[in-house]
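Protein sequences, first through last, are from chains A and B.
Sequential numbering of the first sequence, starting at 172, is according to the working numbering.
Sequential numbering of the second sequence, starting at 26, is according to the working numbering.
Wrong hints could be hidden among the right ones.
Below are the BS3-like pairs computed for lysine-lysine, each with C-alpha atoms no more than 27 angstroms apart in a straight line [stated by the list, open to error]: (1) K176/A x K211/A; (2) K52/B x K246/A; (3) K233/A x K110/B; (4) K175/A x K202/A; (5) K52/B x K233/A; (6) K179/A x K202/A.
A few chain A positions that, by computed beta-carbon distances, are all more than 10 angstroms from chain B [what the hints assert, rightly or not]: (7) K176; (8) E197; (9) K211; (10) L245; (11) D432; (12) V435.
These are calculated hints, taken from the structure and not from any lab test.
It should be emphasised that the depicted structure is a prediction, and the values quoted were computed from it without experimental measurement.
Note that CB positions come from ideal geometry on N, CA and C, so glycine has one too.
These are the residues of each chain, in order.
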Amino acid sequence: MFEKKEDKLFGYAFGDLDEQDAQVFEASLLKDEVSAEEVKFLQSIKGDLASFRDIPEMQYSKERLRSAILGQGLKPSRPGFAWFNWVLAPGAAACVVALGYVLMNGTSRKDPTLIGVPEMASNSGVGIKLPEQKLTKPEPIVATKSESDNSFPDIPSTVWASDASTDKPTYRMTEKRDKVFRTADRRSRTKAPLLAMMESKKSAVEMASESVKTSASLTGGNGGGGATSPGAASIARDSVLKAEPLPSVDATIIMIDKDQDSGVGAPVATEVNDTKNVVIGG
Amino acid sequence: MIRGLTMSLKAATTARLDLDSDESLVKRAREGDFDAFEVLFDRHRLLVYRFAYQMVNKRDDAEDIVQEAFVRAYQNLHRYRDEAKFTTWLLRIVSNLCTDQARMGTRRNNLEQKEAKGALDWMTTGSFENPIENLEQDRRRVALRKAIMALPEHHRQMIVMRDIEEREYSEIAEVLGCTVGGAKLRVLRARRALRDRITPLLGED
Chain A
172 MFEKKEDKLF GYAFGDLDEQ DAQVFEASLL KDEVSAEEVK FLQSIKGDLA SFRDIPEMQY
232 SKERLRSAIL GQGLKPSRPG FAWFNWVLAP GAAACVVALG YVLMNGTSRK DPTLIGVPEM
292 ASNSGVGIKL PEQKLTKPEP IVATKSESDN SFPDIPSTVW ASDASTDKPT YRMTEKRDKV
352 FRTADRRSRT KAPLLAMMES KKSAVEMASE SVKTSASLTG GNGGGGATSP GAASIARDSV
412 LKAEPLPSVD ATIIMIDKDQ DSGVGAPVAT EVNDTKNVVI GG
Chain B
26 MIRGLTMSLK AATTARLDLD SDESLVKRAR EGDFDAFEVL FDRHRLLVYR FAYQMVNKRD
86 DAEDIVQEAF VRAYQNLHRY RDEAKFTTWL LRIVSNLCTD QARMGTRRNN LEQKEAKGAL
146 DWMTTGSFEN PIENLEQDRR RVALRKAIMA LPEHHRQMIV MRDIEEREYS EIAEVLGCTV
206 GGAKLRVLRA RRALRDRITP LLGED
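Isolated chain B, as found in the complex (with noise of 0.2 angstroms):
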């Protein structure tokens, strides 16, 4: 009796977890459901948000990218297949969008700075830290996120996936859509590329 009952307790756990899996909820959202689509957005919102804010440095930006992120993948939800994660899905859309809003934000910015005439320098540096913490610190981090701004789309990418949010190198190969070995040769590039852009930036200082 009491094995019967915890069996269906356990099925009853189990059909609620399929329930609340990203891909019954996408599915529901597919057929029209948009409240299961707030359900993902709830979820998954601040990861699109940190990659976001990590490749453009600009909140207001950031969420601009979530929005369009969101969008798009709600436009889009056919497409996505159930093999890949949502999460992992969600990135690519992310990521591309990063890409096209790095290509129109180079230009903006070179407009910016040339109006301000370097006067925006702390604020597309993004320093948002306590002024007391330690200088030599700071002036490091600073230097470190001019040299992460600086670096070409595609490996700030790589930084941000890898070394900043710490994610699996097999999750940084789906979203990319390249193996797992493929995705280390990118991070390896992206490191050097990056040690390469900070070493001048700390000897100047």
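This is chain A alone, in the form it adopts within the complex (with noise of 0.2 angstroms):
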């Protein structure tokens, strides 16, 4: 109710309301001695509000804005764009999402280089073929355990392997293995393509498989140090050099690539768990 009042006085005040209206506010004032101070104190604020009216010349000629536009080439811009950049927009960022995805999944595999571990050659003897048509380049990275020779520990320590490139020992420890290895997924993508190298070459494996068991000891007991040396690996790619075939053995083999793993610090390896009908090579 006071709102609608003080509405009415403010309206009256400043010559907002009609006629009608106004007539009717007017008679009420003179029995409300407030309002009607009220009113008359808003009136003085309106006089002195329009007196306000008048303000200095101003200075600003045509001459400024020619140019504060034309002196800077300003130019009315093209309605024409704004909706194709609401078009653009999206198919921009899909792009950008597309190719973001792209260069954070896309690893190359380059030169896998395969190692065995202690685990695989324990179980049974080991011989390892290095297809011909691989040996060039990229140059692999193999070593080999004979199966004579079953003096490795429990718990494996390290593995030796030889860069065939530069002809010198490398190792990893193979404490480091968990760590070394990816998520299932990056597994499974990485088995498909190695099992289907593995069908291409399985004929070639059983026909070399009757000279594995002729193949000789790679390491001459090296019984103590639970690994192969990096003579012993030498030795060995020597030997897989004289085309033995790999058995069938239930192991895990590693790949290794060149590539390094920022968060490890190693090479990027990935473990295969099926080493049936397998071929290693480059």
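Once you've looked at the hints, go ahead and assemble the two chains, each given alone in its own frame, into the complex.
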């Protein structure tokens, strides 16, 4: 109620009421001195506000505007591109996302390197065959272990490997294996092409399987060390070149890339569980 | 014969009026005719300047706003839709600019006042009246100007548009983008705020 009265009071003082309402309100003011005082005060404010209409003359000229606009080479922007941007923006965003996805997940898998782990060798004798066409480039890193040597400890310590290109031995601590191994997702991605390759090499392996029984022991009894030595690895490589086929063993093969894993600081490794029909090579 | 002449004269006059209308000038300016835009500037610069001056109460600042408003209008001519009056659209630009300027100006004024230790009060209130005027009235006006400048930006806009520039509620509603009822309500709130601010100022004096 008060609000309505105050609204009318302001409306009357500032001349916003229509004629009929103004007359009614004016009549009510005769009985209400407080409101009448308020109206008088507001009307004086209205008069003072009206006097603010006088302002100093403007000195801004047309020439200044001309220099401000044309001097800077400004032009009215074209309306045609406004809707085009709306269409273009989602497409551009999608492209960026797709590119980001490819960059994040599309790690190259060139020059995979296979090494044998002690468990594999301890189960049965291992002979590794490198297909001849793979020997030139990339040069594989291989390691092997004699089938007669069962002196590996239960917990593997070190796997020795030899890089054929530099002929320098390299090694990785197998304790890091859990970290090096990536998620099952990555493993599944890398397993499929490897198995396909295995299939293509299957016949060659079968043909050479006879000679594996006679393959020589590649390392000569380094039982205390629990690992193949660099020299042994080098000998192993030479033996492998004699084209021994891969035996069928239920052991683990680790594929190691040359690319470094930024999280671990070691080369990226991938574990392949099923080694049946595996031909190891570059 | 005479009737025919009269009709053709009327048609020519109408065509001329159409050619000089804000809408046709805007159309020409959009196509790169800067002279047409200068005609618009000549026509509406006082309107823009008056509003800007009442909002910032400094001539230099008001002229800066005028320039910026017309530059923005020129650059955004394609956004102007013919359904609204050009002056309404222009006032909307000026209103936004004044809001921006007020945000920066508050900071700057505080700094200046701090440096001058209050000596700038007479300048910021913008009294340029004849000093022989009635002292009482002058005192009231100074207090009123202080109260207006102390109002929040949106209230000050309402007081300027309705009570100083005496614009119609429908025009205010167009500038604000609201209904006429909404414009009336905003003006009422602004007047209340002004009354609440000026009462203690007059009491102090």
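Status of each hint after checking the structure:
no.	hint	result
1	K176/A x K211/A	16 angstroms, holds
2	K52/B x K246/A	14 angstroms, holds
3	K233/A x K110/B	22 angstroms, holds
4	K175/A x K202/A	17 angstroms, holds
5	K52/B x K233/A	20 angstroms, holds
6	K179/A x K202/A	15 angstroms, holds
7	K176	13 angstroms, holds
8	E197	19 angstroms, holds
9	K211	13 angstroms, holds
10	L245	6 angstroms, violated
11	D432	52 angstroms, holds
12	V435	52 angstroms, holds
Hint 10 from the earlier list is the only one contradicted by this structure; the remaining hints agree with it.
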